[in-house]
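**Student:** Sequence:
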Amino acid sequence: MADSKPRQRNGKSAIHVDTDAKSTSTTTPQTRSTSKTFGTLDLLRILGGLLLLNCLLSYFITNDSVLWGWRPWFIRPGPIARYFRGPLLLTPSQLSLHTGSPPGSPIYLALNGTIYDVSSNPRIYGPGGSYAIFAGKDAARGFITGCFAEDGNADLRGAEYTYVASDIPLPVEYGGDVGDVGKLTGAQKSYREGELRRARKMVRDTIAGWASMFRGEGGKEYFEVGKVVREEGWLEREEKKVLCAQAIKGRPKPRGPGSEPGGEGQDAGAAYRGGGR
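Residues in the sequence shown are numbered consecutively from 1, following UniProt numbering.
Hints may contain errors.
Said to hold, decoys possible - Pairs of lysine-lysine residues, derived as DSSO-like cross-links and limited to a Cα-Cα distance of at most 30 Å, are as follows:
| # | residue 1 | residue 2 |
| --- | --- | --- |
| 1 | Lys227 | Lys137 |
| 2 | Lys253 | Lys201 |
| 3 | Lys241 | Lys227 |
| 4 | Lys240 | Lys227 |
| 5 | Lys253 | Lys189 |
| 6 | Lys253 | Lys240 |
| 7 | Lys137 | Lys220 |
| 8 | Lys227 | Lys201 |
| 9 | Lys201 | Lys189 |
| 10 | Lys220 | Lys189 |
| 11 | Lys201 | Lys249 |
| 12 | Lys240 | Lys137 |
| 13 | Lys241 | Lys201 |
| 14 | Lys240 | Lys189 |
| 15 | Lys220 | Lys201 |
| 16 | Lys249 | Lys189 |
| 17 | Lys241 | Lys137 |
| 18 | Lys137 | Lys249 |
| 19 | Lys253 | Lys241 |
| 20 | Lys201 | Lys137 |
| 21 | Lys189 | Lys241 |
To be verified - Listed next, with one range per pair, are the computed distances between beta-carbon atoms:
| # | residue 1 | residue 2 | range |
| --- | --- | --- | --- |
| 22 | Asn121 | Ser96 | 16 to 26 Å |
| 23 | Arg45 | Arg123 | 18 to 28 Å |
| 24 | Arg204 | Arg237 | 41 to 51 Å |
| 25 | Leu196 | Glu238 | 20 to 30 Å |
| 26 | Ala208 | Ala149 | 23 to 33 Å |
| 27 | Ser96 | Ser130 | 13 to 23 Å |
| 28 | Gly194 | Gly128 | 35 to 45 Å |
| 29 | Leu97 | Ser120 | 43 to 53 Å |
| 30 | Lys240 | Leu47 | 53 to 63 Å |
| 31 | Pro254 | Asn121 | 38 to 48 Å |
| 32 | Ser130 | Arg237 | 26 to 36 Å |
| 33 | Pro87 | Arg197 | 25 to 35 Å |
Source of the hints: derived by calculation from the structure; they are not laboratory data. From the three backbone atoms N, C-alpha and C, an ideal C-beta is built for every residue, glycine too.
Please build the complete structure, drawing on both the sequences and the hints.
**Tutor:** Listed below in structure tokens is the structure:
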């Protein structure tokens, strides 16, 4: 009799513990699973709705793009095909064969050593087009100076003077008479050096602007296809180019030593890159 009570109490305790354990094991995982599934689906619905709304709003405002004008290469067939074929490596003479003649053949141009496919716009770059002079060559200098006929080459030496204030003389090798720089005052030397630094940055920025357009980032169907292969030391063997008359005429107005920078000079392609043509 003495042993029966403890066993009864132990039995009740065991039954109570087992019931709680069964309740926990059968309800808690189900509740957690249901909560997690609902939360994930709900989040996906919200994100999907926001994405769809953003795309519709972009197309409504731009009337062209569902990605606010962003056209990454991996959604365009031309760059994708070129990616799988690999980059083109062309010498200047090989590049000269890709001018869109006969009609329907590729149109390539190069900018500072990088080749771009502009075949989608034969009216501009193909035979008879307003920019046909750039097809089949690297005419980086012409993109800076705006002298398309004279500067259809890749020699950028001295091209920065297109953006240097006109009161700073051109060096002799670029068609001017710089005089004796050693006789300049400290303020004059500082002014000249500051102008040259600013002008070189302008050259880099202008080249970068054209490159961005030719990569198709501005909405046009252009894309990068490869590189120009040149002989080592080719630039040193080239005679330095005189700055063309149009570039000289477009130089910024004098600012004088000690004045604040201002007036960037004429960027011959700004209107075209911005859709002005």
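**Student:** Take the hints in turn and mark each one as holding or not.
**Tutor:** Outcome of the hint check:
no.: 1; hint: Lys227 <-> Lys137; result: 12 Å, holds
no.: 2; hint: Lys253 <-> Lys201; result: 18 Å, holds
no.: 3; hint: Lys241 <-> Lys227; result: 23 Å, holds
no.: 4; hint: Lys240 <-> Lys227; result: 23 Å, holds
no.: 5; hint: Lys253 <-> Lys189; result: 18 Å, holds
no.: 6; hint: Lys253 <-> Lys240; result: 25 Å, holds
no.: 7; hint: Lys137 <-> Lys220; result: 20 Å, holds
no.: 8; hint: Lys227 <-> Lys201; result: 23 Å, holds
no.: 9; hint: Lys201 <-> Lys189; result: 18 Å, holds
no.: 10; hint: Lys220 <-> Lys189; result: 43 Å, violated
no.: 11; hint: Lys201 <-> Lys249; result: 20 Å, holds
no.: 12; hint: Lys240 <-> Lys137; result: 18 Å, holds
no.: 13; hint: Lys241 <-> Lys201; result: 20 Å, holds
no.: 14; hint: Lys240 <-> Lys189; result: 24 Å, holds
no.: 15; hint: Lys220 <-> Lys201; result: 26 Å, holds
no.: 16; hint: Lys249 <-> Lys189; result: 23 Å, holds
no.: 17; hint: Lys241 <-> Lys137; result: 17 Å, holds
no.: 18; hint: Lys137 <-> Lys249; result: 26 Å, holds
no.: 19; hint: Lys253 <-> Lys241; result: 23 Å, holds
no.: 20; hint: Lys201 <-> Lys137; result: 24 Å, holds
no.: 21; hint: Lys189 <-> Lys241; result: 24 Å, holds
no.: 22; hint: Asn121 <-> Ser96: 16 to 26 Å; result: 19 Å, holds
no.: 23; hint: Arg45 <-> Arg123: 18 to 28 Å; result: 46 Å, violated
no.: 24; hint: Arg204 <-> Arg237: 41 to 51 Å; result: 24 Å, violated
no.: 25; hint: Leu196 <-> Glu238: 20 to 30 Å; result: 21 Å, holds
no.: 26; hint: Ala208 <-> Ala149: 23 to 33 Å; result: 24 Å, holds
no.: 27; hint: Ser96 <-> Ser130: 13 to 23 Å; result: 19 Å, holds
no.: 28; hint: Gly194 <-> Gly128: 35 to 45 Å; result: 44 Å, holds
no.: 29; hint: Leu97 <-> Ser120: 43 to 53 Å; result: 19 Å, violated
no.: 30; hint: Lys240 <-> Leu47: 53 to 63 Å; result: 58 Å, holds
no.: 31; hint: Pro254 <-> Asn121: 38 to 48 Å; result: 39 Å, holds
no.: 32; hint: Ser130 <-> Arg237: 26 to 36 Å; result: 32 Å, holds
no.: 33; hint: Pro87 <-> Arg197: 25 to 35 Å; result: 33 Å, holds
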